[in-house]
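K.L.:
With the sequences and hints as input, model every part of the structure.
Protein chains in written order, with this note's numbering: chain X, 114 to 428; chain B, 148 to 838; chain H, 13 to 309.
Treat the hints loosely; a few may be bogus.
[Stated by the list, open to error] Listed next, the in silico BS3-like pairs over lysine-lysine satisfying Cα-Cα at most 30 Å (straight line):
#1 B:Lys287 x B:Lys794
#2 H:Lys206 x B:Lys582
#3 H:Lys206 x B:Lys700
#4 X:Lys324 x B:Lys287
#5 X:Lys323 x B:Lys165
#6 X:Lys343 x B:Lys233
[As the list claims (entries may be wrong)] Just a sample of chain B residues kept apart from chain H, beta carbon distances all over 12 Å, derived:
#7 Arg504
#8 Arg535
#9 Gln736
These aren't lab readings, by the way, just hints derived from the structure by calculation. Built from N, CA and C at the ideal position, the CB exists for glycine as well.
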Amino acid sequence: MLQYIVRRILLLFVTMLLTSIIVFALTQFIPGDIARLLLGREASEQALENFRDQFGLNDPLPQQYINWLTGFVTGDWGTSFSSGNPAVRPLVLERLGNSLRLTLMTLIISIPLSIVLGIIAALRENTWVDSAISLISLSVVGLPEFVTGLVLINVFALQLGWFPATALVSSDHQLGDWLRILFLPAVTATLVLLGYVSRMTRAGVIDELKKPYVRTAVLKGLPRRQVIFKHVLRNALLPTITVIALSVGWLIGGLVVIENVFNYSGLGALLVESVKQKNIPLLQAVVMITIFFYALANLIADVLYAVLNPRIRLT
Amino acid sequence: MSAVIQANNLNVEYRLNKVWVNAINEVSLTINPLEIHGLVGESGSGKTTLALSLMRYMAGNARIASGEILLDGDDLVRKTEVEMRKIWGRHLNLVPQDPLASLNPSYTIGDQIAEITQLHEGLSRAEAWKRAVEMLASVKIADPEAVARRYPHQLSGGMQQRVTIAMALSTQPRLLVLDEPTTALDVTTQAVILDLFRELIRDNHAAAIYVSHDLGTVAQLCDHVTVLYAGEVMESAPVDDLFAQPLHPYTAGLLASLPRPTQNVETRLYAIKGVAPSLTERPKGCVFAPRCPLATQKCFDEKPALENTGTGRTVKCHYWRDIAAGKLSVQAESQETTINAAPREGYVLNARDINKRFGERSILQRITGREGDYVHAVDNISIRIRERSTLGLVGESGSGKTTLARCIVALDAADSGEIELGGIQISNKLEERTKDTLKNLPMVFQNPNDTLNPYQTVGQALERPLRTLSGEPMSREQIRQRVAELLQAVRLTPEYSNRYPSELSGGEKQRIAIARAFAADPALVVADEPTSSLDVSVQAVILNLLKDLRAEKGASYLLISHDLDVVSYLADWIAVMYLGEIVEEGDTQDVYNAPSHPYTEALISAIPVPDPSQKQGHIRLEGEIPSARHIPSGCRFHTRCPRKIGKICEEQAPPWRDAGDGHSIRCHIPIDELIALQTTQPFNNPLSAQE
Amino acid sequence: MSANQNSVESAATPRLFSGRAIGRFLGQIARRPLSLMGMLIFVGFIFLAIFGPTIAPHQFDELIRGAQRQAPSAEFPFGTDRLGRDVFSRVLWGAREIIIIPGVATVAAIILGTILGLTLGYYGGWLDEIVSRALDSLLAIPALVLALVMLGTIGPSNIGIIIVIVLLYMPIVTRVIRSATLNIRASGYIEAAKLRGESTSYILFREILPGVLPALAVEGALRFSYAIFLTASLGFLGLGVQPPSPDWGRMVAEARPNFARTPWELWFPAAAIAVLVVGVNLMADGLRRIFRYEGQI
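P.N.:
Here you go:
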């Protein structure tokens with residue numbers, strides 16, 4: 114078991130290393146001369162050269178990669194290309210904190226809700242309840258976040274005025290303020306996850322209900338409640354752990370759009386900004402941090418799954 | 148003596164495509180205290196449905212349409228599910244077919260057994276746990292405390308089945324339902340489990356229903372037998388009477404279709420023609436009439452009643468009196484013999500020193516220079532097969548017999564060794580084999596359900612080898628001709644060429660697979676458990692067919708099976724494998740008789756003889772076959788050998804000993820001592836009993 | 013071997029798409045109202061993609077004089093925007109790109125993923141090990157993030173979007189087909205084909221491929237719906253199909269500042285995206301149920 118966890122952590126590092134290569138390689142494809150692109154047509158040769166020197170753009174690529182990677186690992190995330198050259202790290206960490214708040218809020222709303230819906234749909238398989246849940250989840254899974262987000266803003270912010278239409282962050286926010294501004298974005302993100310998680314939960318429970326050990330439990334004379342909660346869900350919800358971790362990947366994509374819809378200053382909004390500005394150091398840092406958290410979520414899920422599953426824990 | 152459970156005119160229906168169809172038709176049966184009642188039938192006969200219905204457990208799409216089920220006089224049909232919960236687990240318990248899947252993977256064995264007594268007897272957790280450990284000890288599990296703390300996947304198949312038995316017995320139920328409980332086990336383990344059933348059911352004063360397709364285990368275990376066909380009772384009788392003189396043509400047919408080692412080599416197995424009806428097209432008259440050799444117009448028009456013969460038997464046949472009097476017999480037609488073409492002198496296959504290891508060294512093992520985790524599946528094996536003969540390869544699962552066969556056809560490439568086909572050495576690698584080699588060496592696979600591509604018609608499946616392997620180009624007309632001939636050879640009509648595999652029964656699929664193997668006139672057909680997933684009546688058809696084709700086409704077989712009786716029907720030479728080695732080989736008759744390798748002796752002893760008057764042998768093997776990853780030192784069989792003589796068995800590999808006529812045994816015990824041991828402590832060998 | 017390539021070859025084509033099979037399939041779709049609805053929406057949008065520009069009353073960039081900011085009416089069913097462009101016409105024109113770009117990309121991803129998945133699943137070994145690992149690390153990057161980085165570097169263009177979608181979904185299709193192939197690889201009929209000395213391409217495309225077609229159909233429909241979703245989201249973020257050609261996602265983003273005055277400018281393209289994606293999703297779900305295929309979503 115310990116061996117499994119160690120192997121899994123090693124795998125995390127390998128994944129990070131591989132993806133860092135992919136990210137670094139991708140960011141080299143920017144057509145044209147970065148310095149010229151950023152400093153403008155009128156910049157002097159000297160200014161361009163200074164810029165290249167400053168950001169190490171004259172070094173050979175592998176050298177640039179190594180410098181970047183060691184810098185990143187040791188906490189030097191470089192300086193942003195944008196005016197004033199602010200350090201990348203504090204900016205990214207601040208935005209990361211905001212995004213994590215939103216993620217947490219989303220998970221708190223969406224996970225219990227979608228699991229319960231999935232279980233209900235499975236236990237009422239092929240009834241109108243099941244069809245209704247299935248239709249709802251299929252619909253919301255198909256709606257792009259900017260559509261649902263705009264609908265929610267229109268109804269709950271503009272028409273009813275219950276929540277603010279934009280989620281502007283301020284340094285003196287109390288918990289209540291956070292809840293108020295995060296609610297609509299979190300509900301929007303919940304709709305992204307709801308369909309996926311509830312349908313996978315439903316499939317898992319239906320699958321499990323067909324297994325012979327359920328018959329064994331019924332034929333022990335156990336009450337239905339105990340058969341479902343003690344025997345079926347114990348096994349059916351195990352794969353849901355993996356499903357949730359995978360859905361974090363979706364959530365991250367969804368957050369990029371949602372943060373833009375709600376003008377929320379999170380990592381996703383920063384990502385779009387840095388792409389539009391071709392701000393490479395910033396872009397690399399944002400992407401690497403995002404990937405790291407996604408990989409971490411998967412790692413936690415895998416370990417949790419193994420710990421809770423005797424078939425993996427004891428082999 | 149009042150019945151434990153009594154079913155009266157029970158009808159069970161399934162909902163298929165929005166229509167209720169009858170699955171169990173007017174079944175009445177009585178099970179008395181202390182009785183083990185066998186429910187026998189082929190797949191689709193409704194035996195499991197009936198057994199579960201008697202527990203009043205219905206699948207989601209099933210219902211009891213009418214009838215009553217009396218448990219100690221109390222009608223279960225009228226009970227609600229909530230009321231049944233007081234009876235399930237307490238008075239009616241199930242021992243399921245697939246123990247691993249029937250245990251919850253996430254709870255310990257102890258917890259799962261304790262759950263039952265906590266629920267029904269109000270025991271505390273600690274008391275219930277203690278009882279669970281006692282129950283595990285009572286099913287002869289060696290270290291019950293440790294096993295109670297384990298999870299199902301950590302136990303072997305035989306142990307898992309013991310656990311489900313312990314669970315089922317922990318509340319001292321009135322009735323146990325044993326649903327094919329040994330089907331997934333090796334024959335040696337099955338023998339041990341059957342002994343356990345016999346003993347425990349007696350000690351617990353319970354009654355039991357034993358559901359099985361295997362007439363051998365039924366004969367050995369049951370007191371009374373009910374034969375089901377298409378959801379109806381055909382015949383019900385005390386076990387001795389039923390096997391001594393079946394009164395229903397179906398029962399008689401089933402018994403006659405079993406291969407037995409006592410058979411004359413020319414005997415043809417009796418084969419019941421046709422297939423069982425589907426639920427939706429039940430014949431109007433006798434359900435068995437379309438397949439019955441004795442059927443008359445009356446049988447098609449008029450449904451026979453289940454009649455009491457007055458001797459404790461019931462039978463559902465218009466002509467049972469004539470059968471009882473010996474005026475009618477289904478056997479008559481089966482007396483015809485086959486041409487058992489004698490083997491020719493030359494060898495079609497000569498394989499020498501075949502080795503095959505699986506697994507590899509991990510990077511870590513390579514760096515540290517350690518040995519890899521190898522599984523030595525085939526260890527230096529040599530076999531020869533004569534022209535127009537059959538070599539039978541037997542052994543438990545894990546013995547390496549399938550790997551050996553796959554090395555011969557090169558689906559797995561042997562690591563070393565030489566293979567000669569028709570005197571010419573051929574490559575061990577499939578891609579290096581010539582077209583001529585491929586043509587001569589086809590294989591028939593075990594699972595009929597994946598042996599044919601579901602997206603190709605039978606015709607397409609048979610055309611392809613004709614086109615790729617047969618020597619000269621053929622016209623479309625010639626190919627159609629040949630396909631028709633092949634279908635004819637496996638006793639199917641040419642119309643089959645347009646069917647898809649989903650439209651065929653298991654036996655038909657296997658026949659097509661055999662036709663495909665014979666398409667290019669092979670020299671040697673390798674058949675890996677070709678009948679193990681088929682019903683006995685279908686198995687008889689396939690075995691007859693293989694025998695006929697051997698004579699007609701002059702091919703040889705390498706036949707792999709775990710079932711010695713199947714092997715003995717076709718093979719003239721048998722090799723017994725254990726953990727990657729051959730431990731005995733010889734003429735079929737010689738292998739069955741003393742002297743035998745102790746392993747062979749145990750295998751034969753474990754066979755449940757389909758005749759209650761011949762008791763099963765008494766030799767039982769401890770434990771299960773060791774993993775090929777950790778092969779025991781010395782004689783590989785010493786960990787389980789009932790005839791182990793001492794340290795030498797653990798330390799030295801045994802020598803080959805010659806018992807005459809090419810019959811050799813790999814054992815430390817000399818031949819004459821083996822003979823002495825095996826004749827002074829004999830068991831009921833079906834062959835020696837006859838002599 | 014050459015002797016086999018005679019006139020009878022055509023007879024060996026698996027009749028997976030026989031009239032009987034198609035009829036049965038349509039019958040099953042028709043029995044599920046939601047799946048049927050999805051199918052009809054899908055077909056309807058395909059129709060719009062082909063004929064939308066023809067039936068549109070105006071050019072997408074036509075500035076209709078004196079018709080700025082008109083609410084929906086008989087003349088302008090979806091109203092007009094701040095510049096006096098007919099929203100209805102713009103939505104109709106936009107149908108083409110939102111169908112064609114994800115469509116082409118999905119087809120390419122499916123074809124590449126199938127070939128790769130069949131090969132990896134059939135051969136296994138170190139090739140499978142390496143390629144699967146590489147694809148896994150591609151999948152370790154959340155889809156939209158990867159899309160943004162790639163489009164940010166190669167610049168937003170239709171070809172760029174197609175490449176991004178292919179790179180995103182090809183690994184997923186590969187995975188699905190690879191595991192389906194792994195299941196089939198050990199079947200008796202594949203081993204029988206090997207023992208006949210069949211070529212690898214025959215085994216892959218004649219023996220295995222028909223067995224994975226149901227999985228492919230479901231995968232294709234699902235990936236298509238996500239591709240539309242992604243294209244629209246990129247458009248919304250300003251990195252999608254470039255102006256002036258109308259793109260539903262960008263139309264929504266551009267309509268936001270004017271939302272208080274011309275809400276219809278936002279709702280109609282948004283509704284078009286929603287109906288299309290939900291429709292394709294319903295269709296995919298119907299396919300999954302009919303083929304009894306429980307894959308990843």
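K.L.:
If a hint holds in the structure, say so; if it doesn't, say that too.
P.N.:
Comparing the hints with the structure gives:
The hinted pair formed by lysine 287 of chain B and lysine 794 of chain B meets the criterion: a straight-line CA distance of about 27 Å does not exceed 30 Å. Between the alpha carbons of lysine 206 of chain H and lysine 582 of chain B the distance comes to roughly 12 Å, so the proposed pair stays at or under 30 Å and holds. Proximity of lysine 206 of chain H to lysine 700 of chain B is assessed by CA-CA distance (about 23 Å); at most 30 Å being required, the pair is judged to hold. For the hint linking lysine 324 of chain X to lysine 287 of chain B, the alpha-carbon distance of about 28 Å falls within 30 Å, and the restraint holds.
In summary, the hint linking lysine 323 of chain X to lysine 165 of chain B is supported, as the alpha carbons are separated by about 21 Å, within the 30 Å threshold. The suggested pairing of lysine 343 of chain X with lysine 233 of chain B holds, with an alpha-carbon distance near 19 Å, which does not exceed 30 Å. At roughly 17 Å from the closest C-beta of chain H, the C-beta of arginine 504 of chain B stays outside 12 Å, upholding its exclusion from the interface. With a least beta-carbon separation of about 21 Å from chain H, arginine 535 of chain B lies farther than 12 Å from that chain, consistent with its non-interface assignment.
Every CB of chain H lies more than 12 Å from the CB of glutamine 736 of chain B, the least distance being 33 Å, so the non-interface label holds.
The structure meets every hint from the earlier list without exception.
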